[in-house]
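**Student:** Sequence:
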Amino acid sequence: MTITHDAGERLMTPGEVAAMFRVDPKTVTRWASAGRIGSIRTPGGHRRFRESEVRTLLDGLTSEAHH
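Numbering-wise (the numbering used here), the sequence shown opens with residue 42 and increments by one.
Bear in mind the hints are in silico, worked out from the structure with no lab data behind them.
A hint or two may mislead.
[Claimed, not checked] Quick list of simulated restraints, FRET-style, between CB atoms:
1. 85 - 60: 34 to 42 Å
2. 50 - 71: 31 to 39 Å
3. 84 - 104: 33 to 41 Å
4. 93 - 64: 26 to 34 Å
5. 68 - 92: 16 to 24 Å
6. 49 - 100: 19 to 27 Å
7. 71 - 97: 12 to 20 Å
8. 74 - 50: 34 to 42 Å
9. 96 - 67: 19 to 27 Å
10. 51 - 71: 19 to 27 Å
11. 75 - 52: 18 to 26 Å
Note that beta-carbon positions come from the ideal geometry of N, C-alpha and C, so glycine has one too.
Let the sequences and hints guide you as you build the complete structure.
**Tutor:** Structure representation (structure tokens):
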């Protein structure tokens with residue numbers, strides 16, 4: 042089975058991701074640069090993040106915080 046990008050998946054802006062994590066959008070951009078979260082570049086050069094990946098990272102961070 043080949044994995045293809047699901048065109049129906051919502052892409053989030055750095056600002057939206059930042060709001061979910063309660064961090065600054067610049068922090069989200071740094072995470073993307075560091076490879077902590079995958080990002081997609083738009084033709085205009087902006088970063089977008091897959092909602093499923095953002096939620097996975099958020100789940101991972103919140104479970105770490107509860108230990």
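**Student:** With reference to the structure, classify each hint as holding or not holding.
**Tutor:** Hint-by-hint comparison with the structure:
1. At about 21 Å, the CB distance of residue 85 to residue 60 disagrees with the hint of 34 to 42 Å.
2. A C-beta distance of roughly 23 Å is found between residue 50 and residue 71, which places it outside the suggested range of 31 to 39 Å.
3. Separation of residue 84 from residue 104 is about 36 Å and conforms to the stated range, judged on CB atoms against 33 to 41 Å.
4. For residue 93 paired with residue 64, a C-beta distance near 19 Å fails the hint of 26 to 34 Å.
5. Between residue 68 and residue 92 the beta carbon distance is about 18 Å. The supplied range of 16 to 24 Å therefore holds.
6. A hinted range of 19 to 27 Å for the beta carbons of residue 49 and residue 100 is consistent with their spacing of about 21 Å.
7. A hinted range of 12 to 20 Å for the beta carbons of residue 71 and residue 97 is consistent with their spacing of about 19 Å.
8. Against the hinted window of 34 to 42 Å, the Cβ-Cβ separation of residue 74 and residue 50 comes to about 22 Å, which falls outside the hint.
9. Evaluation of the 19 to 27 Å hint for residue 96 and residue 67 yields a pass: the beta carbon distance comes to about 21 Å.
10. Distance hint for residue 51 and residue 71: a CB-CB separation of about 22 Å, consistent with the stated range 19 to 27 Å.
11. Against the hinted window of 18 to 26 Å, the Cβ-Cβ separation of residue 75 and residue 52 comes to about 20 Å, which satisfies the hint.
The structure does not agree with the numbered hints 1, 2, 4, 8 stated previously, though it agrees with the rest.
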